[in-house]
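Chemist: Going down the list, the sequences are from chains B and D.
Each residue of the first sequence is one higher than the one before, counting from 500 in the numbering used here.
Each residue of the second sequence is one higher than the one before, counting from 88 in the numbering used here.
Simulated from the structure, these hints should not be mistaken for lab results.
Backbone N, C-alpha and C define an ideal beta-carbon position, used for all residues, glycine too.
Mixed in with the good hints, there may be bad ones.
Claimed, not checked - Far from chain B by the CB rule (all over 12 Å, computed), these chain D residues:
1. Glu105
2. Asp110
3. Val134
4. Asp136
5. Glu166
6. Lys169
7. Glu178
8. Gly180
9. Asp203
Claimed, not checked - For lysine-lysine, the following DSS-like pairs were computed, each having C-alpha atoms within a straight-line distance of at most 27 Å:
10. Lys501/B with Lys621/B
11. Lys560/B with Lys583/B
12. Lys501/B with Lys173/D
13. Lys786/B with Lys769/B
14. Lys751/B with Lys173/D
15. Lys173/D with Lys92/D
As the list claims (entries may be wrong) - For the chain B half of the interface with chain D, some residues (derived, Cβ under 8 Å), not all of them:
16. Ser803
17. Ala820
18. Leu826
19. His843
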Amino acid sequence: MKPIYMDYSATTPIKPEVLQVMEEALREVYGNPSSVYELGQTSKRRVEEAREQLASLLGAKSREVFFTSSGTEADNWAVHIAKKTKPGKHMITCTIEHHAILHTMEAAEKEGYEVTYLPVDKYGFIDLEELESAIREDTILISIMYVNNEIGTIMPVEEIGAIAKKHGVLFHTDGVQALGNVPLDMSKSNIDMMSMSAHKIYGPKGVGALYIRQGTRVVPLLQGGAQERRMRAGTENVPGIMAFGEAARLSKLHLKEHVERLTKLRERLKKGLMQIPESFFNGHPEKRHPGNVNICFKYIEGESMLLLLDAIGVSASSGSACTSGSLDPSHVLMGIGLPHEIAHGSLRLTLGDFTTEEDVDYVIEHLPEIINRLREMSPLTPRE
Amino acid sequence: MYSKKVMDHFMNPRNVGEIENADGVGEVGNIRCGDIMRISIRVHDDVIDDIKFKTFGCGSAVASSSIATEMIKGKTIEEALKLTNKDVLDELGGLPTIKVHCSVLAEQALKAAVLDYANKHGKHYKELEGFSPDEDHPHDEHELEA
Numbered sequence: 500m501k502p503i504y505m506d507y508s509a510t511t512p513i514k515p516e517v518l519q520v521m522e523e524a525l526r527e528v529y530g531n532p533s534s535v536y537e538l539g540q541t542s543k544r545r546v547e548e549a550r551e552q553l554a555s556l557l558g559a560k561s562r563e564v565f566f567t568s569s570g571t572e573a574d575n576w577a578v579h580i581a582k583k584t585k586p587g588k589h590m591i592t593c594t595i596e597h598h599a600i601l602h603t604m605e606a607a608e609k610e611g612y613e614v615t616y617l618p619v620d621k622y623g624f625i626d627l628e629e630l631e632s633a634i635r636e637d638t639i640l641i642s643i644m645y646v647n648n649e650i651g652t653i654m655p656v657e658e659i660g661a662i663a664k665k666h667g668v669l670f671h672t673d674g675v676q677a678l679g680n681v682p683l684d685m686s687k688s689n690i691d692m693m694s695m696s697a698h699k700i701y702g703p704k705g706v707g708a709l710y711i712r713q714g715t716r717v718v719p720l721l722q723g724g725a726q727e728r729r730m731r732a733g734t735e736n737v738p739g740i741m742a743f744g745e746a747a748r749l750s751k752l753h754l755k756e757h758v759e760r761l762t763k764l765r766e767r768l769k770k771g772l773m774q775i776p777e778s779f780f781n782g783h784p785e786k787r788h789p790g791n792v793n794i795c796f797k798y799i800e801g802e803s804m805l806l807l808l809d810a811i812g813v814s815a816s817s818g819s820a821c822t823s824g825s826l827d828p829s830h831v832l833m834g835i836g837l838p839h840e841i842a843h844g845s846l847r848l849t850l851g852d853f854t855t856e857e858d859v860d861y862v863i864e865h866l867p868e869i870i871n872r873l874r875e876m877s878p879l880t881p882r883e
Numbered sequence: 088m089y090s091k092k093v094m095d096h097f098m099n100p101r102n103v104g105e106i107e108n109a110d111g112v113g114e115v116g117n118i119r120c121g122d123i124m125r126i127s128i129r130v131h132d133d134v135i136d137d138i139k140f141k142t143f144g145c146g147s148a149v150a151s152s153s154i155a156t157e158m159i160k161g162k163t164i165e166e167a168l169k170l171t172n173k174d175v176l177d178e179l180g181g182l183p184t185i186k187v188h189c190s191v192l193a194e195q196a197l198k199a200a201v202l203d204y205a206n207k208h209g210k211h212y213k214e215l216e217g218f219s220p221d222e223d224h225p226h227d228e229h230e231l232e233a
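The following block holds chain B by itself, in its conformation from the complex:
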């Protein structure tokens, strides 16, 4: 049984070229970038090269890229920057953000900040007029994710950024799912800050970055040494950062082809799976992550589906309560207005660079058996 990985939005396998860079880094580039001797300065140069590689993928300046330990840290940092550099107590986000933003906002509320959680429509879009009318005199930040991690919807971030700009409010976007899947050009963008993560673009776990537009006031989240121009203390994760740089280089090189290939595979998978009766496609049909397919199957529960898929070698994810680690199905599926009984039966298949047409066809061939088996066992399935 050939393993079929279809959870690229959770994390990606590392690419051989990236691994090679990381191996070399671990073996040879071990100097501390803060040290004066050549070994240290070599590490420093390699970190700066990686920064240029990531900046190049972003269409940004190197000085606008700050490395972090994760996308989550970048999200926390962006909110922290707004809180510490802008006068005011109000922030705006939406109901279907990643928990790295939602829980950071909830923590800010406990400190006395007010947060507006904009609702979304059935596709996961916020209403731009509603956004504009939510802006107050004391609004310091708008944080709306670029690409939703569950349903794949691509938000109109440039329009959102234009509204933020018009009102002089900082605009942050969680771009973890966008990086490497959407063409980016920060030199022409309205985004002030964007969070990113290496392990979603075939790099290693444990390294992320925050893009911060030049001219934005920055304060550190972590206090300590003078790394990252005094803005992010802690000895640089040199192997991780170098690997992130290589992953960004490869991503830039193949972006167009990557998007076109994945979009074709996605449409093939969607078409095949939507043949299953009582299935509901989630998210926007076109404005979506090129590799994201999210479908709810009525009468069955997501985790059971994942276990049966795993048994035939397919790795996937779901937004059911049992997999969301809470009592309710995922807040994203609730946010787009799905009733509980449908949201529990969600399946997210996310494709990537190592996914083949055969993999897609295998899932199309075998998923119906799994759905039937669970439906036969379910007390909710209407009797013939």
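Keeping the supplied structure of chain B fixed, place chain D upon it in accordance with the hints.
Modeler: What follows is chain D alone, placed relative to chain B:
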């Protein structure tokens, strides 16, 4: 995540289905939490000689109902009512903490089925006093104390 025994009962569930003209049927759980169990029983001379289940839920919900039906089949009603969620857990070799409520659901589904049988047949079991199948089954809130 799950023990071999849980996976065995999930992959090869025993006693799946519904008994035609069952003597008692019980359904517990709710759609919000994503688990619903329906157990139907056939009773002969106070012995549960057939039992079947249908479950909408995660792996541990399916495994809990499967193993519970296996443990109950052939038992007298008195014996069956002694079944607790802990017995289900022990027989499964344990469940992850956040899934313990699935074993509670299995115990309650069985009790609900027996209650239905008792009501239909004018029987009374003291073990069922105060039992209400409509009550929300307890869900464990997750908290950590270091």
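Chemist: Hint compliance check: list the failing hint numbers for this structure, sorted ascending.
Modeler: Structure breaks hints 1, 10, 12, 14.
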